[in-house]
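Undergrad: So the chains spell out like this:
There are 2 protein chains.
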Amino acid sequence: MIKIAFDVMGSDNGADVAIEAGLKFLETHQDLELIFVGDEKEINQAIDKHLPKYKKVNKDSFSIFKTTEVIDSHGSILDIRRKKDASIVRTLEMVRDKKVDAMLTAGSSAAFIAGAQTIIGNIPGVKRSAFMPTIPSTVDGKVLQLLDAGANLDNTAEELLQFSQMASVYATAVNGVEKPMVGLMNIGEEASKGKELQKSAYKLLEADKTINFYGNIEPREILNGVVDIMVTDGFTGNIALKTAEGVARSVGHELKSQVKKHWWRKLAVLQMIPTFKAIGKKFNYKNHAGAILIGINGIVFKSHGSSDLQSFGATLRMTYDAVQNQVLDKLTIGMKGYIIDGNEK
Amino acid sequence: MIKIAFDVMGSDNGADVAIEAGLKFLETHQDLELIFVGDEKEINQAIDKHLPKYKKVNKDSFSIFKTTEVIDSHGSILDIRRKKDASIVRTLEMVRDKKVDAMLTAGSSAAFIAGAQTIIGNIPGVKRSAFMPTIPSTVDGKVLQLLDAGANLDNTAEELLQFSQMASVYATAVNGVEKPMVGLMNIGEEASKGKELQKSAYKLLEADKTINFYGNIEPREILNGVVDIMVTDGFTGNIALKTAEGVARSVGHELKSQVKKHWWRKLAVLQMIPTFKAIGKKFNYKNHAGAILIGINGIVFKSHGSSDLQSFGATLRMTYDAVQNQVLDKLTIGMKGYIIDGNEK
Chain A
1 MIKIAFDVMG SDNGADVAIE AGLKFLETHQ DLELIFVGDE KEINQAIDKH
51 LPKYKKVNKD SFSIFKTTEV IDSHGSILDI RRKKDASIVR TLEMVRDKKV
101 DAMLTAGSSA AFIAGAQTII GNIPGVKRSA FMPTIPSTVD GKVLQLLDAG
151 ANLDNTAEEL LQFSQMASVY ATAVNGVEKP MVGLMNIGEE ASKGKELQKS
201 AYKLLEADKT INFYGNIEPR EILNGVVDIM VTDGFTGNIA LKTAEGVARS
251 VGHELKSQVK KHWWRKLAVL QMIPTFKAIG KKFNYKNHAG AILIGINGIV
301 FKSHGSSDLQ SFGATLRMTY DAVQNQVLDK LTIGMKGYII DGNEK
Chain B
1 MIKIAFDVMG SDNGADVAIE AGLKFLETHQ DLELIFVGDE KEINQAIDKH
51 LPKYKKVNKD SFSIFKTTEV IDSHGSILDI RRKKDASIVR TLEMVRDKKV
101 DAMLTAGSSA AFIAGAQTII GNIPGVKRSA FMPTIPSTVD GKVLQLLDAG
151 ANLDNTAEEL LQFSQMASVY ATAVNGVEKP MVGLMNIGEE ASKGKELQKS
201 AYKLLEADKT INFYGNIEPR EILNGVVDIM VTDGFTGNIA LKTAEGVARS
251 VGHELKSQVK KHWWRKLAVL QMIPTFKAIG KKFNYKNHAG AILIGINGIV
301 FKSHGSSDLQ SFGATLRMTY DAVQNQVLDK LTIGMKGYII DGNEK
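For the protein sequence lines, the chains are A and B, in the order given.
Just so you know, my numbering puts 244 at position 244 of the first sequence, and the rest follows in order with no gaps.
Just so you know, my numbering puts 180 at position 180 of the second sequence, and the rest follows in order with no gaps.
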């Protein structure tokens, strides 16, 4: 039985959609137990509303953990200490206390990261945790692990090496890639390119025999499936992720608006629907709305603040897959072998 | 009469396509004189081959400046001093000596930047020059000036302020935007977001009354037309630009490959061609292959190393527009008023 705590508060769209996503996911996952964490009244209302639609859901497969406080998407790091009964705090405590196998939330990123670090802490030997979304590629069946996508502002070369090691363990465990190819995100391919961080990280990654280093990779290749993992510091990774999201969304909107301008094109669009659907399925950020905070001593996932039914469903799947593939155990064992100098920074 | 020196060597596709692009552009610009700089034999061969196609071109409207050396796209900064008769060196010297109004090249970026800085130098008062491509947006008639897109690795907050000032002058002169809106590229909208650079730059930009400061802007908005200018350091700007290029190209390829998979969709595609063309025209990087190195005491443009007829045509247009709109004079006057502390760094 897999147990996941689901902080249903704090997202832009309220608890209602989170609960529905949870019930929908339970219907197809009989070995799963969900604990909805948040305001009892809101949760019960949503369950009453949505449960009748999901008839196969066993009523014993979910429960409610009542909390009285919420840290919303604008919440700060300090709220973690101020609001002891916040849903995100209680959810993280459940992971720390091993009452559940994993958790997810769509609340404030800042509060989530700070909370995970202070309440749970890192896997022994891990210097820093990193946000790691799974990004689609144009190559069928291939995905990209991008990290750090924004948990940190600055990182050292040693941290980038650890990120590469952790992502390699994850890519093998979850995506089934045998020797995941690790690329160092950079402004050029030559080893001499980039700032001091990139130059130092290049040397460390090249010398490390536990990973399969591709070399520098420009973010032009972000969707090409050339590598399985792209590693960079949190600031740069966040810029790249948000640029990619923005461009994919803008091109999609542009397509829609061009079609609307010329109604007769709608006839053609009808025939094109399978094409658009196939592309949409691949590149729609809603199917990739979740990111693991990798390096934390527990499976903890963040879903987009604006998550809807589809986004929450995708993040639930990622969380479930991480538990089923024993990502935490594999990371813990892996990082024992990988520790660079044995000293915490 | 506008005079532009065109370094036709050093691009991945050879002089042939550069020459054809030049002749094609001359056909529709009677007030233009082009000087093709490079290997005499190659240039003459290309002229003999392509001139018959462009019957309206006046034979007095172009000339050849012979050079014996080439710095190709892998050329280094040192080549600028080593190869005194390199086409890029001679072309930059023509700008320095005011023999032409502007120049363009598709050769090595590193050699071009170093050459422009050492051979021509900066506009008085300008601390650093910056690569500034013009990026399309989903809003009709609106474009984005992104800088620095990679001329520098690191920048100071003062440099980001100067970049904003120069880009504002350019956006008004070339794009006709009255009070261009300047956004500071960052990982979040709040003033407290980002690294020290972003925090300091935010304060400087906010306090400066010569520019119209929007605040922080996430690169999710890169194509949305929310701002006219996005300013950031060279490393971050290069990452964002290359991510955007990569995603736009991948989505385009995916569309093509999905259509190919199902031949019957081609019927629909025929009807969709105007839609695709409209989007292609907007987002095709070939139409935006050029970038000015703004801050240099002369109009100097770089076209993609892999430029084809379309890309070279677009960069020629940008170069021509910059001259016609007296960008250099306006920048020189503007930066006199803008100089922050009067001292070169």
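In case anyone wonders, no lab produced these hints; they're calculated from the structure.
Among the hints, a few may not be true.
Stated by the list, open to error - Estimated spans, in silico, between C-beta atoms of each pair:
(1) A/200 - B/68: 55 to 63 Å
(2) B/48 - A/256: 24 to 32 Å
(3) B/48 - A/306: 53 to 61 Å
(4) A/215 - B/253: 45 to 53 Å
Stated by the list, open to error - So these bits of chain A aren't anywhere near chain B, every CB distance computed over 10 Å:
(5) 13
(6) 41
(7) 84
(8) 98
(9) 187
(10) 195
(11) 253
(12) 333
Stated by the list, open to error - No more than 20 Å apart at the CA atoms, straight line, and that leaves these computed lysine to aspartate or glutamate pairs for DMTMM-like:
(13) B/59 - B/48
(14) B/24 - B/308
(15) B/84 - B/97
(16) A/193 - B/72
(17) A/195 - B/16
(18) B/256 - A/254
(19) B/199 - A/154
(20) B/193 - A/158
(21) B/195 - A/196
(22) B/142 - A/254
(23) A/195 - A/178
(24) A/142 - A/254
(25) B/195 - A/154
(26) A/256 - B/140
(27) B/195 - B/206
(28) A/24 - A/321
(29) B/55 - B/97
(30) A/53 - A/27
(31) A/256 - B/97
(32) A/193 - A/158
(33) B/193 - A/254
From a predicted model like this one, the values you see are computed outputs, not experimental measurements.
The C-beta atom is built at its ideal place from N, Cα and C for all residues, glycine as well.
Undergrad: Each hint needs a verdict: does it hold in this structure or not?
TA: Evaluated hints:
| no. | hint | in the structure |
| --- | --- | --- |
| 1 | A/200 - B/68: 55 to 63 Å | 40 Å, violated |
| 2 | B/48 - A/256: 24 to 32 Å | 48 Å, violated |
| 3 | B/48 - A/306: 53 to 61 Å | 60 Å, holds |
| 4 | A/215 - B/253: 45 to 53 Å | 23 Å, violated |
| 5 | 13 | 18 Å, holds |
| 6 | 41 | 32 Å, holds |
| 7 | 84 | 25 Å, holds |
| 8 | 98 | 33 Å, holds |
| 9 | 187 | 4 Å, violated |
| 10 | 195 | 5 Å, violated |
| 11 | 253 | 6 Å, violated |
| 12 | 333 | 33 Å, holds |
| 13 | B/59 - B/48 | 12 Å, holds |
| 14 | B/24 - B/308 | 13 Å, holds |
| 15 | B/84 - B/97 | 16 Å, holds |
| 16 | A/193 - B/72 | 18 Å, holds |
| 17 | A/195 - B/16 | 36 Å, violated |
| 18 | B/256 - A/254 | 17 Å, holds |
| 19 | B/199 - A/154 | 14 Å, holds |
| 20 | B/193 - A/158 | 25 Å, violated |
| 21 | B/195 - A/196 | 16 Å, holds |
| 22 | B/142 - A/254 | 14 Å, holds |
| 23 | A/195 - A/178 | 31 Å, violated |
| 24 | A/142 - A/254 | 27 Å, violated |
| 25 | B/195 - A/154 | 8 Å, holds |
| 26 | A/256 - B/140 | 15 Å, holds |
| 27 | B/195 - B/206 | 17 Å, holds |
| 28 | A/24 - A/321 | 16 Å, holds |
| 29 | B/55 - B/97 | 32 Å, violated |
| 30 | A/53 - A/27 | 10 Å, holds |
| 31 | A/256 - B/97 | 51 Å, violated |
| 32 | A/193 - A/158 | 18 Å, holds |
| 33 | B/193 - A/254 | 30 Å, violated |
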